[in-house]
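Chemist: The residues making up each chain are set out below.
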Amino acid sequence: MVFKRPECLTKESMHYCPGCGHGIIHRLIAEVIDEDYKESKIIGVAPVGCAVFIYDYFNFDFVAAAHGRATAAATGVKRCIPDALVFSYQGDGDIAAIGTSEVIHAATRGENFTAIFVNNGVYAMTGGQMAPTTIPGQVTVSSPYGRDPKVQGYHIKLCEMLVPLDGVAFVARTSIHNLKNIEFTKKAIKRAFEVQMNNEGFSIIEVLSNCPTNWGLPPCESMKRIENEVLKYYSIGIFKDKGRGI
Amino acid sequence: MKILMKGNEAIAEAALRAGCECFFGYPITPQTELLQYMAKKLLKSGGVFIQAESEVGAINMAYGASSCGKRVMTSSSGPGISLKQEGISYLAGAQLPCVIVNIMRGGPGLGNINAAQSDYLQATKGGGHGDYKVIVLAPSSVQEAVELTMKAFDLADKYRNPVMILGDGMLGQMMEVVEFDENYQPQKVEKPWAVTGDRNREKRVTNSLYIVPEELEKHNFMLMEKYKKIKENEVMVEEYLTDDARVIFVSFGMCARIVKSAVNRLRQAGEKVGLVRPITLWPFPENELKRYASKEEVEFFIDIEMNLGQMLEDVKLSVEGKKEIHFYGRTGGIVPTIQEVVDFYYSLKK
Chain D
1 MVFKRPECLT KESMHYCPGC GHGIIHRLIA EVIDEDYKES KIIGVAPVGC AVFIYDYFNF
61 DFVAAAHGRA TAAATGVKRC IPDALVFSYQ GDGDIAAIGT SEVIHAATRG ENFTAIFVNN
121 GVYAMTGGQM APTTIPGQVT VSSPYGRDPK VQGYHIKLCE MLVPLDGVAF VARTSIHNLK
181 NIEFTKKAIK RAFEVQMNNE GFSIIEVLSN CPTNWGLPPC ESMKRIENEV LKYYSIGIFK
241 DKGRGI
Chain A
247 MKILMKGNEA IAEAALRAGC ECFFGYPITP QTELLQYMAK KLLKSGGVFI QAESEVGAIN
307 MAYGASSCGK RVMTSSSGPG ISLKQEGISY LAGAQLPCVI VNIMRGGPGL GNINAAQSDY
367 LQATKGGGHG DYKVIVLAPS SVQEAVELTM KAFDLADKYR NPVMILGDGM LGQMMEVVEF
427 DENYQPQKVE KPWAVTGDRN REKRVTNSLY IVPEELEKHN FMLMEKYKKI KENEVMVEEY
487 LTDDARVIFV SFGMCARIVK SAVNRLRQAG EKVGLVRPIT LWPFPENELK RYASKEEVEF
547 FIDIEMNLGQ MLEDVKLSVE GKKEIHFYGR TGGIVPTIQE VVDFYYSLKK
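Protein sequence lines, in the order shown, are assigned to chains D and A. The numbers in the first sequence follow this note's numbering, run straight up by one, and end at 246. The numbers in the second sequence follow this note's numbering, run straight up by one, and end at 596.
Read the hints as simulated data drawn from the structure, not as lab findings. Heads up, a few of these hints could be off.
[Claimed, not checked] Here's a subset of chain D near chain A, in silico, CB distances under 7 Å, partners left out:
no., residue
1, Asn59
2, Phe60
3, Val63
4, Ala64
5, Cys80
6, Ser101
7, Glu102
8, His105
9, Asp148
[To be verified] Covered stretches of chain A, going by a simulated chain D footprint (3 or more residues, C-beta under 8 Å):
no., segment
10, 286 to 300
11, 330 to 338
12, 441 to 454
All figures in this text were calculated on a predicted structure; none of them were measured in a lab. We put the beta carbon where it would ideally sit given N, CA and C, even for glycine.
Okay, chain D solo, but in the shape it has when bound:
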């Protein structure tokens, strides 16, 4: 077996900071598409945030949405082209703050697309401000004394919020801090796409990722922080898989 670049990734060099998890997650999506959906119609919905240029890195169609509105735009897209594999790719500020309403309602309606939600606990593109997913105690440029739940409230657990909704078919939280979890993330993406193509309803994968730049950590240390700190607040696993009775 020859390790090579997935066919649905373009040759464009990615703009992400060194050690950022977006590159890994992009690659996982590309591998799943190459393996299972070579001939399929694919439409990605791009967010606002660090992954704003995601459409440059894949060689299929994209709709670039406004901040937080990717799940609304994806709703319009999937309803118009029901046989396409449609996924939104969103950061935590995008999907869990400004886009909370859009994602909850798309999920409630059981929209048949997949949201890939990259949670690195900060607004990275704007310079590392507190996100809704920032964990208690975490220092960011807008929570300079550490997130205090008494002052800034608690971190949002979007997956747990979505599980009870009837329109939701698949919910998983995964991580990319080591090889085992990278493999698990790929499996979850694979399953979410499969659930979508079976028309089972809304699917979402929250991927715990790193932000070496805004966490102020070398890439390897940032992966260790996921394992040692972030996982205490965000458990990983398949939370819901309607088709398999989970």
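Chain D is fixed; fit chain A onto it per the hints.
Modeler: Frame of chain D, contents of chain A only:
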């Protein structure tokens, strides 16, 4: 065949006949019947209808659907249109066609649900962020609303630009006899830019992001050229009894209908008055007004609106200071009467 229809429903029916395949909306008075009509028809015909969670959701669903090359409509009223402005800016930036209906109510804020023309500035001057323009059509009868709605879809596709139908609560709520052209066939427009997900061609992206300043400037200059073309080709205006008029009324939408009756009454009394009714509020009929401003026999202009003079600035810019312009407006959802308009005219003649 002539049928009696409520304005909101007639607009919805016209949209369906124009090939509207997708509707995304949110209930708000006084436009809600439009959404209800679409729910009834589109859910049965295999079209896409979603009552969104918010106006923000609705306009962004429209953005997604329009990206796929469909004929798309959304509708709302003042406060809801304010929420849609973000999406309208993105539609304009990404050059996506979309028909947006605004059945205006009184403002600002929650205002009230009565007939008003409170959103003229919001509709014609942008509303959202950036250098962009929306084509704005202002019908003054239910029949005209039908015709302009059909035209709106063609204009949206032709220029890849949002088009707004700007009516007021009265237009949405009143019933009038309308006639649909049974031989009408919606235009089929090739959309080689549409995102369809097909893999056997170059990828397509609908986007409004141009991170390099030079590229965004180039994009904005290109849009400006497009808007110039729209200004040259798409101005619509009704000129009523203006040939020998010494006083020119300017009014739009349903308000212009009241002014038209006032003009008729004044003409019966021997007064040489006429009405210029902009049908396209953007592009505004500057040249037409300019022409009357240059006529020696024209003494002055009277602008009548159901707001506190939102169109007045455009009238002034067109008249270029050549003639005096007087303004009379009612606001808060109050509709001026024919008598009020006549009295205002005589008060100026004294």
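Chemist: Please list, smallest to largest, the hint numbers that this structure does not respect.
Modeler: 9
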